[in-house]
Amino acid sequence: MKSLQELNAIRDKMKNASQNRQQGSDDTIRVVVGMATCGIAAGARPVLNAFVEEVAKRNLSNVVVSQTGCIGMCKFEPIVEVFVPNKEKVTYIKVTPEKVARIVTEHIVNQKPVTEYIKIN
Amino acid sequence: MVRSYILVCGGTGCTSNHSGEIINALNAELKAQHLDEEVKVVMTGCFGLCAKGPIMVVYPEGAFYHSVTVEDVKEIVSEHLLKGRIVKRLLHTEDTTNEKVLSLNDTEFLKKQVRVALYNCGVIDPENIEEYIGREGYQALGKVLTEMKPVDVIETIKASGLRGRGGGGFPTGKKWEFAYNQKNDQKYVCCNADEGDPGAFMDRSVLEGDPHSVVEAMAIAGYAIGANKGYVYIRAEYPIAVKRLQKAINDARAYGLIGKNIFNTGFDFDLEIRLGAGAFVCGEETALMTSVEGKRGEPRVRPPFPAVKGLYGKPTILNNVETYANVPHIIRKGADWFASMGTEKSKGTKVFAVGGKIVNTGLVEIPMGTTLREIIYDIGGGIKNGKKFKAAQTGGPSGGCIPEQHLDVPIDYDNLIAIGSMMGSGGMIIMDEDNCMVDIAKFFLEFVVDESCGKCTPCRVGTKRLLEILTKVTNGEAELADIDRMEEISHYLQDNALCALGKTACNPVISTLRYFRDEYIEHIVNKRCPAGVCKGLTKIVIDKDKCIGCGICKKNCPVNAISGEIKQPHVIDPEVCVKCGLCITKCPKGAISRR
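Those sequence lines, one after another, are chains A and B. The first sequence maps to residues 31 to 151 in the working numbering. The second sequence maps to residues 399 to 993 in the working numbering.
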């Protein structure tokens, strides 16, 4: 290594790894994916991974993606809950990996929940 | 893409509790569940709560699991990592509220701590240089080499108020300045990792958990004083620390962060490890450097100080591991930030290895000025088994005992000296009512007698005489005049021993005499050990009225000192009894006691 730029490049590459190893503070947005048997069977795992990737891609430092057990409405799985501090929780149903990018862009970045993914038809 | 990290402690404490096997089991189980792409297991340094090891933290939830066994691994993977359900039974229970706590950061143990020297311990994989870089590692070195002149570095360290963490508390910046002002074509930077105080493991934990911080700081020190060669003197008894430090040095060299022409600035710096063979005296700076040179580790007279004439007769600075671990943070965040923590004359934080009769044995980093009471009762969880606190021993064999009346003294270098102890390297042993203070003094004197290098007479003979008198006291053979004799020898030692270890070797005696003189008098006059520790003064007796004559004590006695017929009260022959106390633990009726 011959320059600070190279050092900074490694630092930025590793930032994500160390970020995932910290606990969120009070202003952290939490994305929680239901990962009980019903959720996994309905395809929650690719959804969870899609969220992790999307958040990393956009370098969002204030977002934590984690999982939880059964949310209780198994027929609507995969279910994803988004907790923005000081706002009401938003529950997305029947989420697919394709829907993830829009939820991240519109809800998490621009603070506008994607209403069409919330509706129960 | 990794969505979850499992951090498993790989410090010496948890490793000896099989954390290595847990890591293997986790990896195998994750693979079996096809989670190995999403979940990564990282071996880290010490989390601090060694009493509860092996320790594991699962992110992003931050779930803190303790006392984990290999058998628990399957459940952790299938419940937490597959289904997202926290394994509640492995969470920490707060002693005060009896409630389960999810995260390590929310425990009473960690709430009052501030982690500077231990910033990366328990967060990064110490064997992975990129993880250190990811946490701003080597940025301080880059800043120093590209933006600062050596004098600026020294001024920053001076302004921060950083003092030597090895015990003496000498201002680090001043030490560097002395070496900087020496005109010489060869200078050296040394690191003292010969942590010898009984019960101390701060430096070991820093080297095990964050070895690169020491490598980076030594390179910074080299630039500041104009040295291009460094030595780390570390005890061979720390195999994990040695291995990780060696890997850190190799990796730093491979990445070009030490070696020739660092960051293209023309600055060269390289490091080597020297292993110590476990002599306590080699923690003394002049003895350490003599040992690095390959000679027998004995101290020499100062001055000349090492900054003038040190290793191989060249100007040398020697700092302790923890001192170095603070340096990159000071450079990065500024002297003002560091100076904002602590008391007027002692800035920053201090790491303590807390052990003995305390609930949360482990590694604690607190801002200077925290009281002993906060360390013991808030962070440490109080005394084990609800017993009463008697004293805290700080500073190892060179330190002293702090009694209950000084529990609220804010801890810093000067306050500890004023109450007859010293900061030392950070070992802190908590004692309760079951500890005999004469016995404690005797323990430390035995240690010093073993470790005295023998070069100067005051230490070689004086400590031996002190130990002989202490042994007389614990056997009930001493007279009151012996107390005066001990004080006389102690003061002679303080004035005449060659090195700091000899000068302070009498401190355990002086401080226990200062605060617990009545215990000495009780031993001497009434031939009684109030704590029931000194075997020469205690008698084990069977209460005739409580004894049911079951014969269990008789069966278990290793020296056949107990006699008696079945269903008749038994008796102990004091001439034969070795006072091992086994019968006390075996008696079903609690009829046997120490008097």
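Heads up, some of the hints might be wrong.
Which bits of chain B does chain A cover? Going by a derived footprint, with three or more residues having C-beta under 8 Å, they are [said to hold, decoys possible]:
#1 400-412
#2 518-530
#3 537-550
#4 613-622
In silico DSSO-like cross-links for lysine-lysine, where the CA-CA straight-line distance does not exceed 30 Å [unchecked claim]:
#5 B:K486 / A:K32
#6 B:K627 / B:K481
#7 A:K117 / B:K509
#8 B:K481 / A:K129
#9 B:K486 / A:K119
#10 B:K627 / A:K124
#11 B:K486 / A:K43
#12 B:K627 / A:K32
#13 A:K45 / B:K937
#14 B:K641 / A:K45
#15 A:K87 / B:K731
#16 A:K149 / B:K481
#17 A:K32 / B:K498
#18 A:K124 / B:K486
#19 A:K87 / B:K627
#20 A:K117 / B:K481
#21 B:K785 / A:K45
#22 B:K782 / A:K117
#23 A:K43 / B:K498
#24 B:K498 / A:K119
#25 B:K429 / A:K45
#26 A:K105 / B:K486
#27 B:K429 / A:K129
#28 B:K509 / A:K119
#29 B:K942 / A:K105
#30 B:K925 / A:K87
#31 A:K124 / B:K438
#32 A:K32 / B:K541
#33 B:K782 / B:K937
#34 A:K43 / B:K556
#35 A:K117 / B:K498
The set of hints was computed from the structure by calculation and includes no laboratory data. All C-beta atoms in this analysis are idealised placements derived from N, C-alpha and C, irrespective of residue type, glycine included.
The hints, checked one at a time:
| no. | hint | result |
| --- | --- | --- |
| 1 | 400-412 | holds (count 5) |
| 2 | 518-530 | holds (count 4) |
| 3 | 537-550 | holds (count 3) |
| 4 | 613-622 | violated (count 0) |
| 5 | B:K486 / A:K32 | 49 Å, violated |
| 6 | B:K627 / B:K481 | 53 Å, violated |
| 7 | A:K117 / B:K509 | 28 Å, holds |
| 8 | B:K481 / A:K129 | 22 Å, holds |
| 9 | B:K486 / A:K119 | 25 Å, holds |
| 10 | B:K627 / A:K124 | 62 Å, violated |
| 11 | B:K486 / A:K43 | 34 Å, violated |
| 12 | B:K627 / A:K32 | 20 Å, holds |
| 13 | A:K45 / B:K937 | 64 Å, violated |
| 14 | B:K641 / A:K45 | 26 Å, holds |
| 15 | A:K87 / B:K731 | 28 Å, holds |
| 16 | A:K149 / B:K481 | 25 Å, holds |
| 17 | A:K32 / B:K498 | 50 Å, violated |
| 18 | A:K124 / B:K486 | 29 Å, holds |
| 19 | A:K87 / B:K627 | 42 Å, violated |
| 20 | A:K117 / B:K481 | 27 Å, holds |
| 21 | B:K785 / A:K45 | 46 Å, violated |
| 22 | B:K782 / A:K117 | 45 Å, violated |
| 23 | A:K43 / B:K498 | 36 Å, violated |
| 24 | B:K498 / A:K119 | 25 Å, holds |
| 25 | B:K429 / A:K45 | 26 Å, holds |
| 26 | A:K105 / B:K486 | 27 Å, holds |
| 27 | B:K429 / A:K129 | 28 Å, holds |
| 28 | B:K509 / A:K119 | 29 Å, holds |
| 29 | B:K942 / A:K105 | 74 Å, violated |
| 30 | B:K925 / A:K87 | 76 Å, violated |
| 31 | A:K124 / B:K438 | 28 Å, holds |
| 32 | A:K32 / B:K541 | 14 Å, holds |
| 33 | B:K782 / B:K937 | 26 Å, holds |
| 34 | A:K43 / B:K556 | 34 Å, violated |
| 35 | A:K117 / B:K498 | 27 Å, holds |
In summary, the structure is inconsistent with hints 4, 5, 6, 10, 11, 13, 17, 19, 21, 22, 23, 29, 30 and 34 from the numbered list given earlier, while agreeing with the others.
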